[in-house]
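When you get a sec, could you build the whole thing from the sequences and use the hints?
Keeping their order, the protein sequence lines are chains A and B. The letter at position 55 of the first sequence is residue 414 when you use my numbering, and the numbering goes up by one with no holes. The letter at position 29 of the second sequence is residue 126 when you use my numbering, and the numbering goes up by one with no holes.
It should be emphasised that the hints constitute simulated quantities derived from the structure, not laboratory data. Every residue, glycine too, gets a C-beta built ideally from N, C-alpha and C. There may be inaccurate statements among the hints.
Some but not every residue of chain A turned toward chain B, in silico, with C-beta under 7 Å [what the hints assert, rightly or not]:
1) PRO369
2) PRO371
3) ILE377
4) ALA380
5) LEU384
6) ARG391
7) LEU464
8) LEU465
9) ALA574
10) LEU575
DEER-style ranges, computed between Cβ atoms [unchecked claim]:
11) ALA489/A / SER217/B: 36 to 46 Å
12) MET503/A / GLU224/B: 33 to 43 Å
13) GLU224/B / ALA370/A: 38 to 48 Å
14) ARG625/A / GLY133/B: 29 to 39 Å
15) ALA370/A / THR129/B: 36 to 46 Å
16) LEU511/A / SER217/B: 39 to 49 Å
17) VAL413/A / PRO221/B: 25 to 35 Å
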Amino acid sequence: MTSTLTPARPAPPSTARIALARVGLELRLFARERQQVVFSFAYPLVMMVVFASVLGGDERPGGIPFAQYFLAGIAATGIMLTSFQAVGTAIAAEREAGLLGRLQLLGTPPAAYFAGKAGQVLVTTAVQLALLLPLARYAYDVPMPADLGHWLTFGWVAALGALAGTVLGIAVSALPGSASSVTTTISGFAIVLQFFSGVFFGFTELPGWMQQVAALFPLKWLTQGMRSAFLPEQAGAFEVAGGWEHGRTALVLVAWVIIGVMVCTRTFRWRRAAG
Amino acid sequence: MTTTAVAPPPVRTGNAPAVTVRGLVKTYGGTTVLDGLDLDVHRGECFALLGPNGAGKTTTIEVLEGVRRRDAGTVSVLGEDPATAGRTWRARLGVVSQGEGAGQALSVRETLDHFARYTSTPRPVDELLAAVGLTGQADARVAGLSGGQRRRLAVALGVQNRPELVFLDEPTTGMDPVARRQFWQLVRDLRADGTTVLLTTHYLDEAAELADRVGVVAGGRLVEVAPPAELGAGLRREATVRWREPGGWREVRTEQPAGVLRDLLAAHPCGEVPDLTVTRPGLEDVYLALVGATPGGDPR
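What follows is the structure in structure tokens.
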């Protein structure tokens, strides 16, 4: 916009440019937060070691070794940890510290802020999986995805799961209460959802109502999608639907991302409500 | 000067005030914080909102910044309504606020480098560091800064985009005297560039030092607006003549103390008038009278 009355000030930087700056910032801050780094990366590894050591001799439906079945679940849990949990607690804390208020004053587009979170989540999730998979492969003889097709399945399921988790984390950060109470709520919800979604137990062993509740949230689909990448093709017959349901998995995760972004851009608050 | 690539935007010299507020009302729950506040800030001036805590200074600033909704009244900031204005409007504003940057784990320089990417008209980082006296702390983590140093970083962030209008909400709270003086110089430099400054403070000396005009806020309204030296002119004209008589203290308030003195001296033809003083209220007395508090009394 140029007019003779209004001295030209160059247009503000684009949303994409700010988003790029945000991704760099988020990664730098993440890397410097030692506790967060250790927790995010070590949790799935420790869980893998503990469960595979204790229940390593068990078999899952279809004669699948426990460690193989569990890797799919713990990979999905790890993704939820680096997306949903990390994002939800970080935003609540940043809001409380006034960092978001600063962004609002600068006219930061919310989309740029969300993109920064999503970028950070994708990178940290990739690092986390890059640590978990070799552990399962070399310590517990879990076979990796059988071919390129299965690797691709692994890739899109992980990416969509991370994005859906990010969106859900942004949404949940708007819960009322202090940052520490939001953190507690998020952790509690995440733990319950893990049990409901078949991370620790075979999903088909769960009661029907639990399965139905879990089917509303991304983690169940993320876990199922991971099984389709790591388990042999015929194991799909032991799923609730008798198959891997790739179409439905993609649909649910994409729906979470799209509807979530629409809801978040409307309900997102830079500041805590005034008392 | 090596900053020709990003020259400061031209100063607007139009007659339109930088800020116009009429009948601003804001209530929280059942409490009225702003009760019909009127305010005009002219282009290029430094205006200080002075008042006790809880008088509504910060709420006023937040409404003007467009981060707080108002319940009634009209507001125009740089020609736009803050409640609906967009990014191009924000790009012309600077805000020195309490939140100090992007994260505790960043260094001062990293913080400024990062936020430089949010504006199309950034000041060079080294120039900013020097202006706020943080050159020596450029590589220190924000987490390790003292309270005063954090305020200086907040100031640097507030003016990074070469704003036309800067909001300073109690900018020197927590600063030591040296830092305060450096900060005052920074405000003078901003003004020399033609920047309009609206600051809130509860320090009278700061208002007197920096402001062209001072507005005293009390009970959610602007109760007086004047240059610092003329603040409470009516109150200041009145002098207090005080002396002692055998029965106790006597006190006369008058706009013509000379007449009172003449009578007094006539009554004491040979000798001193015991403990005679003539005083006029200072800025602080005027301020306390305006906000409805008495010296030494409870400000509420």
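Hints violated by the structure (numbers, ascending): When the structure is compared with the hints, numbers 9, 10, 12, 13 and 17 turn out to be violated.
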